[in-house]
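As a plain string of letters, each chain reads:
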Amino acid sequence: MFGDDLRIIYKNDPAAKGLQPFLYPGLHALVLHRYFSHPLYKMRLLFLARLVSEIGRFLTGIEIHPGAKLGKGLFIDHGAGIVIGETAEVGENCILFQRVTLGGTGKHAGKRHPTVGNNVLIGTSATLLGPITVGDNVKIGAETVIIMHDVPSNSTVVGAPGRMVKLNGQRVDQKLPRTQDP
Amino acid sequence: MFGDDLRIIYKNDPAAKGLQPFLYPGLHALVLHRYFSHPLYKMRLLFLARLVSEIGRFLTGIEIHPGAKLGKGLFIDHGAGIVIGETAEVGENCILFQRVTLGGTGKHAGKRHPTVGNNVLIGTSATLLGPITVGDNVKIGAETVIIMHDVPSNSTVVGAPGRMVKLNGQRVDQKLPRTQDP
Amino acid sequence: MFGDDLRIIYKNDPAAKGLQPFLYPGLHALVLHRYFSHPLYKMRLLFLARLVSEIGRFLTGIEIHPGAKLGKGLFIDHGAGIVIGETAEVGENCILFQRVTLGGTGKHAGKRHPTVGNNVLIGTSATLLGPITVGDNVKIGAETVIIMHDVPSNSTVVGAPGRMVKLNGQRVDQKLPRTQDP
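Quick mapping for you: the protein sequence lines, in order, are chains A, B and C. Mapping the first sequence onto my numbering, position 160 (from 1) lands on 160, and the numbers just tick up by one. Mapping the second sequence onto my numbering, position 75 (from 1) lands on 75, and the numbers just tick up by one. Mapping the third sequence onto my numbering, position 85 (from 1) lands on 85, and the numbers just tick up by one.
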């Protein structure tokens, strides 16, 4: 897992020279999550898991709830201010920039945070709220806001509220479909 | 005060299990503000007050100016990147999410930050600037921007610039009234 | 340089009383950048330079890549969540608020971050991406998004995407000119 996280940094960051990625807070946050807080969460040692997660937040500025499920090969670039909720899921080979929120609306119980597919890039300050589904091969622009709407695979979404501006390589301008309430 | 802050967390956060809220940076920031930096500010020990406030910012990512007046029962959820200005006031039973700014426009002296009522929820990354007034029972959506406009009680505001989309339970679509220059 | 950074704080921040500015994280971040990480970068001690920059990020919440060129008299107000990229340049007497991003689009190599002129104020959460040029005497509003568009001198820009609303003191409502791809 660590190797995948490192590989996607070198592949995507022009500033990642020499051993510098070992200094990246995004990598530190992932190591703490993957090898400590998430395993503790699965053992139901919830307080301890949360303690590790809060230490990670203090060190890196990145807040990942111990319950979040993160696929392999994740690049958290800069990362400060990221909030990833308890029931959020992220697929493989994704890139998250600083201040991305995978959060809840406050109106749902149980599964209440986004599920993100593979090969998804989420730009600076994008806010995704609710048990929404984001497909594969998606780009979500900086400062985009998506609340209780799903994002189809192979699309690009920008704006607040987010609108689809590209789908399967074609320029479009469409509303996103509303997420079905569970 | 501490008891009220704790109670509103348990009431509103589905992830607040067991003793976990004691680990929340929002609670730590409030303890430092209510029991240390704000009392020091009122004793006019301004440098010491600011020192405590900066230590709080370092530990929690939440920046509360020592002069800010915060009502009882405040839930600062996640909290990273919050900035609350010197003359800001917040009422009782409010919820602030990460990156909320209660800031100034740079054009006013004296009272230059927002006054927020009771039972107000302010979403992720909302930016409120100037000596504006936010009424009671208000919801302000994620990434909303409100500069020198007031928010009536019992309303919901979203967008940048913020527009009223709900008032007294009815859907509306109205501009906010401009704040009178002091 | 330190004197200039201090002077612009006292000039612009009504809350800057007594010795309080010495506690400001923005000032700490600039000292670390100007006197340690940027000089180390110019000596090509890249890992060490980055280490200092990450320590600065940990202490202040402000991430300045060691390669960034910052002009004299810079006021970083609050500052938490600021990201300034490797090839970014900022002129003299500028003010940056919390969460400003001077970042890249991911599509450019070499010079890939903004060049900002003199006497520029960039508001809370503004996101500037790509090798764009921002002229002198510019104001960029809170939460503005500017991607691959240039900003003329003596203008005010707001919105997402950013539009020019003032030019040479006259109210206007114009699109920004697209940045020429290098």
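These are computed hints drawn from the structure, not numbers from a lab. Each hint should be verified, as a subset may be incorrect.
Just so you know, same-sequence chains aren't split out, so a pair can sit in one copy or run between any two.
[Claimed, not checked] Listed next, the in silico EDC-like pairs over lysine to aspartate or glutamate satisfying Cα-Cα at most 20 Å (straight line):
#, residue 1, residue 2
1, Lys166, Glu89
2, Lys139, Glu89
3, Lys107, Asp13
4, Lys175, Glu92
5, Lys17, Glu92
6, Lys17, Asp173
7, Lys72, Asp150
8, Lys42, Asp181
9, Lys11, Asp181
10, Lys11, Glu86
11, Lys72, Asp173
12, Lys42, Asp150
13, Lys11, Glu89
14, Lys175, Glu89
15, Lys166, Asp4
16, Lys175, Glu54
17, Lys42, Asp4
18, Lys42, Asp173
19, Lys17, Glu54
20, Lys175, Asp4
21, Lys69, Glu92
22, Lys11, Asp150
23, Lys17, Asp136
24, Lys139, Glu86
25, Lys166, Glu54
Cross-check of the supplied hints:
no., hint, in the structure
1, Lys166 with Glu89, "neither (24 Å within a copy, 32 Å between copies)"
2, Lys139 with Glu89, "within (17 Å within a copy, 27 Å between copies)"
3, Lys107 with Asp13, "between (37 Å within a copy, 11 Å between copies)"
4, Lys175 with Glu92, "neither (26 Å within a copy, 38 Å between copies)"
5, Lys17 with Glu92, "neither (23 Å within a copy, 29 Å between copies)"
6, Lys17 with Asp173, "neither (38 Å within a copy, 42 Å between copies)"
7, Lys72 with Asp150, "neither (23 Å within a copy, 38 Å between copies)"
8, Lys42 with Asp181, "neither (27 Å within a copy, 49 Å between copies)"
9, Lys11 with Asp181, "neither (38 Å within a copy, 22 Å between copies)"
10, Lys11 with Glu86, "between (29 Å within a copy, 17 Å between copies)"
11, Lys72 with Asp173, "neither (32 Å within a copy, 44 Å between copies)"
12, Lys42 with Asp150, "neither (28 Å within a copy, 46 Å between copies)"
13, Lys11 with Glu89, "neither (23 Å within a copy, 25 Å between copies)"
14, Lys175 with Glu89, "neither (23 Å within a copy, 37 Å between copies)"
15, Lys166 with Asp4, "neither (29 Å within a copy, 47 Å between copies)"
16, Lys175 with Glu54, "neither (37 Å within a copy, 40 Å between copies)"
17, Lys42 with Asp4, "neither (22 Å within a copy, 31 Å between copies)"
18, Lys42 with Asp173, "neither (42 Å within a copy, 46 Å between copies)"
19, Lys17 with Glu54, "between (29 Å within a copy, 15 Å between copies)"
20, Lys175 with Asp4, "neither (34 Å within a copy, 42 Å between copies)"
21, Lys69 with Glu92, "within (11 Å within a copy, 36 Å between copies)"
22, Lys11 with Asp150, "neither (28 Å within a copy, 29 Å between copies)"
23, Lys17 with Asp136, "neither (29 Å within a copy, 33 Å between copies)"
24, Lys139 with Glu86, "neither (23 Å within a copy, 23 Å between copies)"
25, Lys166 with Glu54, "neither (38 Å within a copy, 36 Å between copies)"
The structure shown violates the earlier hints numbered 1, 4, 5, 6, 7, 8, 9, 11, 12, 13, 14, 15, 16, 17, 18, 20, 22, 23, 24, 25.
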